[in-house]
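> For reference, the chains in residue letters:
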Amino acid sequence: MTSEPVFALFACCVPVKGARRSVVCDLQRQALHFIPNGLYEILTEHSGKTAAEIKEIYEHEVDSEIEEYFDFLLGHELGFWCDDPARFPAIDLTWETPERITNAILDVDERSDHDFGKLLGELDDLGCKALEVRCFHRASLDELRTILEAARRGRLRSIDLLAGYAPELTPDALATLATDHQRLSSIVIHSAPESRQLPPDRRGVAVTYRTEAIDSPRCCGKIHPGYFAIDLETFAEAQKHNTCLNRKLSIDARGEIKNCPSLAKSFGNARDVSLHSALAQRDFAALWSINKDQIAVCKDCEFRYVCTDCRAYLLDPGDLYSKPSKCTYDPYTAEWRQPAEERTSAGVLREGGSR
Amino acid sequence: MDKEPEDLFARLSAEGRQLVPVSYRFLHASPLAVATVMRLVDSQPYRATGYVCSAFHKPISKCCSQDDV
Chain W
0 MTSEPVFALF ACCVPVKGAR RSVVCDLQRQ ALHFIPNGLY EILTEHSGKT
50 AAEIKEIYEH EVDSEIEEYF DFLLGHELGF WCDDPARFPA IDLTWETPER
100 ITNAILDVDE RSDHDFGKLL GELDDLGCKA LEVRCFHRAS LDELRTILEA
150 ARRGRLRSID LLAGYAPELT PDALATLATD HQRLSSIVIH SAPESRQLPP
200 DRRGVAVTYR TEAIDSPRCC GKIHPGYFAI DLETFAEAQK HNTCLNRKLS
250 IDARGEIKNC PSLAKSFGNA RDVSLHSALA QRDFAALWSI NKDQIAVCKD
300 CEFRYVCTDC RAYLLDPGDL YSKPSKCTYD PYTAEWRQPA EERTSAGVLR
350 EGGSR
Chain R
0 MDKEPEDLFA RLSAEGRQLV PVSYRFLHAS PLAVATVMRL VDSQPYRATG
50 YVCSAFHKPI SKCCSQDDV
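Chains as they are written, first to last, in numbering that gives the first Met the number 0: chain W, 0 to 354; chain R, 0 to 68.
Pulled out of the complex, with its shape left as it was, chain R reads as follows (with noise of 0.2 angstroms):
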């Protein structure tokens, strides 16, 4: 396991280092930061496309039927 940020950083694709550097520096000191921030990277589509983040699931109005599409 890396000790140091900078060798968990270095591990990181550059997608992954474009995380929030402040998820990261929160992260570093756990002993499970490899995987969680192998995890955040991993999940980075999805919050970029706002599956986890951005989307209000519910339906505001209701006005198309089931069976148009």
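Next comes chain W alone, as it looks inside the complex (with noise of 0.2 angstroms):
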């Protein structure tokens, strides 16, 4: 026990160095908090130190910034004083899944001649648990209902429907569907004649349309802070693969077995070859433990682990640990080069301590 209470971060708030500046991750409340490298310094290196011991190692000469800083956690609620920082140790940060494959991409398009029972089938067979169904064309109901009625019966548990517009695609057209199949956790019609956004129904289903045209895998790849996922579970697969590709089994338009649709590395078609097949295969989970400390630029990212990455599209495509080539965020200047009212529209950061 110490004399002096110490500050300790709740064990769900971690701290994470950037270049520039760095975040505090609340991995609870799905939020993030921007943070002086300064404070950053004060969390880890004087970690269990008291207010006035961590003065005195500043040599008193920026005591209100420290008060600042405690006044900014206690405030935001990322952690509290006490006596005794060893009965609250730091998070388990060890990553383990029982699936060999977590999720899945399906692609389709107006050539597509998929055999939906035959994957889906595989796909619950390896554990899948959730599923993104691209359909790059103008989708039919019920060319819709066709490929949904083939994952009624497996074990995932959530089904994100991504399909072209078609007039018949109404929002009570859809709303329908969801009910009707309640594994459906996300519909985004693309190349809708306006952008909307509807309201979440009873189940938390979210239905967006979108005027932008997503009518190949070439439209993947974009890093923003809305596709940020600030969650235990990401945090923690990110500190050693990949969270892009780690247990990820795509099929792409033509049946091609791949990491992502967007790579041109194919394991066999699923016309004559089984997804179990594909998977064992020794180079199907080489890119799976690329993690963002071994990426070039984002090593210095305060995003690095909540950033859901891409190998496909990179700045350098020879170098497999290149920054994507999509990401506009450079964390030496801390800046994104869109307009900032762009970047915040997601609603997951929040700004503070910006020193």
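These are calculated hints, taken from the structure and not from any lab test.
Please note: incorrect hints may appear among the correct ones.
To be verified - Label-pair ranges, simulated between beta-carbon atoms:
hint : chain 1 : residue 1 : chain 2 : residue 2 : range
1    : R       : Arg10     : W       : Tyr331    : 56 to 64 angstroms
2    : W       : Asp91     : R       : Ser12     : 31 to 39 angstroms
3    : W       : Ala89     : R       : Ser12     : 32 to 40 angstroms
4    : R       : Ala9      : W       : Ser63     : 50 to 58 angstroms
5    : R       : Arg10     : W       : Pro166    : 46 to 54 angstroms
6    : W       : Pro198    : R       : Arg10     : 49 to 57 angstroms
Claimed, not checked - Here are some chain W residues the structure puts well away from chain R; computed CB gaps all over 12 angstroms:
hint : residue
7    : Glu3
8    : Arg19
9    : Ala85
10   : Arg137
11   : His189
12   : Leu278
13   : Ile289
14   : Tyr331
Here the structure is a predicted model, which means the values were calculated and not measured.
The beta-carbon is built from N, C-alpha and C at its ideal position, and this holds for glycine as well.
Dock chain one against chain two, each of which comes alone in its own frame, and use the hints as you go.
Structure, rendered in structure tokens:
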């Protein structure tokens, strides 16, 4: 026991240092709080010291700033004063999962000839719990129902559906679809005449109409705060694994089995080989362990454990450890290239302590 | 504090009684049983919508720009 209280972050609030600034990732409330690197230093190198000891270390030159830092942390409920910090150990960031495949992408276009029952059955055998179906063409309601019907009896927990706009894909029709297929967790209609976000239904299923055309895998790989995943599972996975490709299996529109539809390497066509045998090939898991701490520029980024990576579109296509080419964030200046009003619309970023 | 499972169960709402019986049997012996079960009941709408249990948090693909909606 110490005589003076020391400050401890809640175990779910984990600081991550970037080149220019740091963040505290609140993995329970799924929020990011920006902090200066000076505060990161206090929270890590001087963890377990009292406020008086910390002020002494900095020779009382920044006492008021230190007070301000702790006020910020308390005000945002990121930590607390305690007498016995040893009773509040850091959270265990070991990542394990029993599923051989956790998530999958199934691409469909007007020329696709998938055997949906076979594919979804095999994904089910592999333990897949989340599927994204991407229909690049104008999909009919019947077509969507056929795909979803094949997933009705599996162990999938969630299905994200992306489909091209057709007049019959009305909000009412999509609401009925979501009611009939309770695994649906989100529906995005691309190439729509106007952008529109419908309020989530009782189960929280979000339906979004977007004007942009998403008509090929080349549209994928975008990096922006709207795609940050600020939760313990992703954060823990990101410590050692690639947050996009780890335990992912994809079937492109032609039936080629890949890590990602945007990657060239195929492990066979689903018509000829089973997903199991594709997964058993030595190279299938090669990209799974490329984590953000190994990737150029990303390793200096404060978002590296909440950002889902992309290995398909790289600044230097010849370098497997190159930064994603569609990421516009520069951790050395802490600036995005887009206007600020665009990047903050995701609602997950909370500014604070931005000295 | 209620000692008997029946008493605790009686305090639950109709919705709360739909909780998985195993959870209830596991919890009833704990001194924090009432608070814990009530918290489970309170969180039921979130679990029903998949917020806690069934959502896959990561984006599986990243095709959408941020500025469209």
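> It remains to establish, for every hint, whether it holds in the given structure.
Going through the hints against the structure:
1. Distance hint for Arg10 (chain R) and Tyr331 (chain W): a CB-CB separation of about 58 angstroms, consistent with the stated range 56 to 64 angstroms.
2. Taken as a hint, the range 31 to 39 angstroms holds for the pair Asp91 (chain W) and Ser12 (chain R), whose Cβ atoms sit roughly 35 angstroms apart.
3. The hinted window of 32 to 40 angstroms between Ala89 (chain W) and Ser12 (chain R) holds, with their beta carbons roughly 38 angstroms apart.
4. The hint said 50 to 58 angstroms for the Cβ distance between Ala9 (chain R) and Ser63 (chain W), and at roughly 57 angstroms that hint holds.
5. In this structure, Arg10 (chain R) and Pro166 (chain W) meet the distance hint of 46 to 54 angstroms, their C-beta atoms being roughly 52 angstroms apart.
6. Between Pro198 (chain W) and Arg10 (chain R), the C-beta spacing of about 34 angstroms breaks the proposed range 49 to 57 angstroms.
7. Distance to chain R confirms Glu3 (chain W) as a non-interface residue, since its nearest Cβ pair spans about 31 angstroms, more than 12 angstroms.
8. Look at Arg19 (chain W): its CB is around 22 angstroms from the nearest CB on chain R, clear of 12 angstroms, so calling it non-interface holds up.
9. Distance to chain R confirms Ala85 (chain W) as a non-interface residue, since its nearest Cβ pair spans about 24 angstroms, more than 12 angstroms.
10. For Arg137 (chain W), the condition that its CB be more than 12 angstroms from all CB atoms of chain R holds, with the nearest at approximately 16 angstroms.
11. With 12 angstroms as the threshold on Cβ separation, the claim that His189 (chain W) sits away from chain R is violated: the shortest Cβ distance comes to roughly 8 angstroms.
12. The beta carbon of Leu278 (chain W) is kept farther than 12 angstroms from every beta carbon of chain R, the shortest such distance being approximately 17 angstroms.
13. Every CB of chain R lies more than 12 angstroms from the CB of Ile289 (chain W), the least distance being 16 angstroms, so the non-interface label holds.
14. Annotated as non-interface, Tyr331 (chain W) keeps its C-beta farther than 12 angstroms from every C-beta of chain R; the closest such distance is 22 angstroms.
When held up to the earlier numbered hints, the structure conflicts with 6, 11 and fits the remainder.
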